[in-house]
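Visitor: Sequence:
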Amino acid sequence: MRSPLLTWNIFYYGIPINVIGVLATIAPPDSVGPYFWDWTAVALISHLVMAPFAWASIQLFRRHKNRILEIGGLFVAGAVRGLAIDILIRIFGLEQHTQWWFRIFNSSLTIPILAIGLSFFLESRRTFEKEFRELFSQALVREMEQSGRDSETTPSALMQSARKKVDTAFAPLRQAIEGILEGDSSPGNLGGMVNEIREMLDETLRPLSHELWKPQELKPPIFRLRGLIRIAALETRLRVPLVSLGGFLLVFLGSTARYGVRDAEIRGTTATLFILAFYVVYKDAVAGELFSLHTCNVITLSVFAIVPSLLSPLLFPQFLSVPWDIPAALLGNLLLVLTLIVVNLFELSINAREQVLDLVRDHLEKGNVAKYASSFVEIQEQVDFATYLHGEVQSELVATSLQLQRAADSGDVVMASEALEKVAHLLRRDHSSHSFFDKVESEDKLQAIIRAWDGIVAITAVLPSEKEVGAATKSLTVKALEEIIANAVRHGGATEIEITSNVEFGILKVQALDNGLKVSNNPRGMGSALLDELTLSWSRKDVVNGHQVNFDVALSKTR
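With the working numbering as the guide, the letters of the sequence shown map in order to residues 1 to 559.
Simulated from the structure, these hints should not be mistaken for lab results. It is possible that some hints are incorrect.
To be verified - List time: in silico DSSO-like cross-link candidates among lysine-lysine, alpha-carbon distance up to 30 Å: (1) Lys445 to Lys467; (2) Lys164 to Lys422; (3) Lys509 to Lys467; (4) Lys509 to Lys541; (5) Lys541 to Lys445; (6) Lys165 to Lys65; (7) Lys422 to Lys445; (8) Lys165 to Lys509; (9) Lys164 to Lys445; (10) Lys445 to Lys165.
Note that the coordinates shown come from a computational prediction; the quantities given were computed from them, not determined experimentally.
Work the whole structure out from these sequences, hints included.
Guide: In structure tokens form, the structure reads like this:
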């Protein structure tokens with residue numbers, strides 16, 4: 001276990017535990033009711049007094065990774081807590097059955113033991129959760145692949161509506177342009193056509209891409225510890241001797257503080273002997289398969305939750321100063337049961353894969369994985385289409401509108417014809433089919449982007465091949481560059497863009513330098529969100545002759 005025994009989370013979780021501990025083990029039974037708030041104040045203040053020493057313990061482990069030093073820090077923190085309790089008891093004038101040195105000794109042992117117990121519990125949960133996420137993700141990928149294949153023929157209702165909106169928006173402009181290209185109508189007012197393109201972008205395509213891009217959050221099933229608690233409590237052999245012998249010390253210390261030494265000896269010895277004797281019966285029943293392990297554990301934990309601490313008042317009431325202290329007795333029994341489960345959890349965490357696999361199989365059987373896989377595929381489909389509209393479609397339409405505007409200003413018929421041919425190719429796409437998302441090699445897509453902006457901006461790009469960095473890395477890089485190029489032209493009026501790259505420590509680092517005009521910082525929009533999604537990190541800054549955008553993409557192929 002590499003994490004510290006004490007963290008600030010554990011420290012804060014310890015506040016209610018400390019209050020219960022003081023009320024149930026330090027305060028005499030007849031003193032709790034009349035002086036409840038005084039004892040609560042003792043618990044809270046003594047816990048807060050430990051904060052500087054808890055910080056020191058955490059720092060010792062972080063700097064030296066030395067478990068002995070860390071436990072020593074916890075021992076000191078516990079001793080300080082015990083001293084604070086003694087001082088506060090004197091200040092409030094509260095009753096006690098033990099000497100000051102015992103309170104310090106008791107606390108100095110209790111705090112490290114409780115910190116270790118809580119740490120083991122949380123560490124077990126982290127181990128199981130990590131394993132669960134990995135295994136669930138593997139199952140999810142398999143289901144997503146199948147769900148993705150199924151969705152090729154059955155797109156969601158939202159996607160069907162979105163594709164129909166795009167085709168409907170494209171239709172009037174496509175018909176007008178095809179009429180010009182086929183000679184059925186004259187070019188007419190190119191400036192008006194430019195306005196139509198811009199209106200289509202502003203009124204239909206951009207709002208639609210934003211609608212599809214709305215923050216989508218779908219988390220896999222939350223890892224529930226109750227499944228593993230069930231395994232640890234009911235399907236794993238209980239480590240009774242280890243826990244009972246270790247627990248005897250805590251019971252003895254707590255009972256001594258609450259009742260005195262004589263009571264503690266009787267209570268601790270009686271409870272421990274009963275637990276060990278019952279364990280012999282439990283062990284034989286499990287070994288002889290008299291009952292199933294599940295049944296034996298249920299019986300044993302039920303008995304331990306009621307009997308051990310109540311046995312001494314039943315057998316030896318004449319030797320106890322306070323025979324029937326039911327709340328404290330049940331708390332002691334509960335602590336025993338919880339400790340048995342935590343020990344099993346920690347042992348399971350060392351070799352957790354099979355147990356977690358059982359939980360993943362349970363999710364598979366209930367259809368949870370298939371449900372989440374289908375939802376993930378649907379969301380990814382929306383994001384892909386939004387990216388397509390905001391990136392490829394917007395870039396080509398903006399480039400075409402700029403080219404048409406130049407042709408209109410200069411009267412260049414050839415330039416106008418080329419621009420109309422280019423946009424007609426885009427507008428003819430049938431978005432009701434799945435074919436428009438057919439895989440295109442990233443290098444071909446990059447060259448298509450450069451051609452789309454030809455005559456508007458001169459683009460030079462030096463990027464590694466897919467074989468060098470992996471297909472996924474190249475694809476993400478080209479999509480990010482598509483957005484960066486469009487922004488450089490639209491917002492800065494860039495006419496030259498130079499793209500360079502290099503690989504460092506498994507990261508593809510890309511730099512895009514343009515000569516656009518300096519513009520005021522625009523609020524974050526979908527373009528920024530798109531770059532957040534496509535890259536590990538990105539930044540934009542003004543330079544002497546324009547702007548520079550840097551971004552990083554992780555390699556999908558080890559070089």
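Visitor: Verify the proposed pairing of Lys445 with Lys467, using a straight-line Cα cut of 30 Å.
Guide: holds (16 Å)
Visitor: Keeping to a limit of 30 Å between CA atoms, is the pair of Lys541 and Lys445 held or broken?
Guide: holds (27 Å)
Visitor: Within a Cα-Cα threshold of 30 Å, do Lys164 and Lys445 meet the stated pairing?
Guide: holds (25 Å)
Visitor: Within a Cα-Cα threshold of 30 Å, do Lys445 and Lys165 meet the stated pairing?
Guide: holds (25 Å)
Visitor: Quickly compare the C-alpha distance for Lys509 and Lys541 to 30 Å and report which way the hint goes.
Guide: holds (16 Å)
Visitor: Straight-line Cα separation of Lys165 and Lys65 no greater than 30 Å?
Guide: violated (61 Å)
Visitor: Mind checking the alpha carbons of Lys422 and Lys445 for me, to see if they're no more than 30 Å apart?
Guide: Holds, at about 15 Å.
Visitor: Do the alpha carbons of Lys164 and Lys422 lie within 30 Å of each other, as the hint requires?
Guide: holds (22 Å)
Visitor: Check the hint pairing Lys509 with Lys467 against an upper bound of 30 Å on the C-alpha distance.
Guide: Given pair Lys509, Lys467 holds - Cα atoms ~17 Å apart, limit 30 Å.
Visitor: Take the C-alpha atoms of Lys165 and Lys509, compute the straight-line distance between them, and say whether it is at most 30 Å.
Guide: violated (37 Å)
Checked against the numbered hints given earlier, this structure breaks hints 6, 8; the rest are met.
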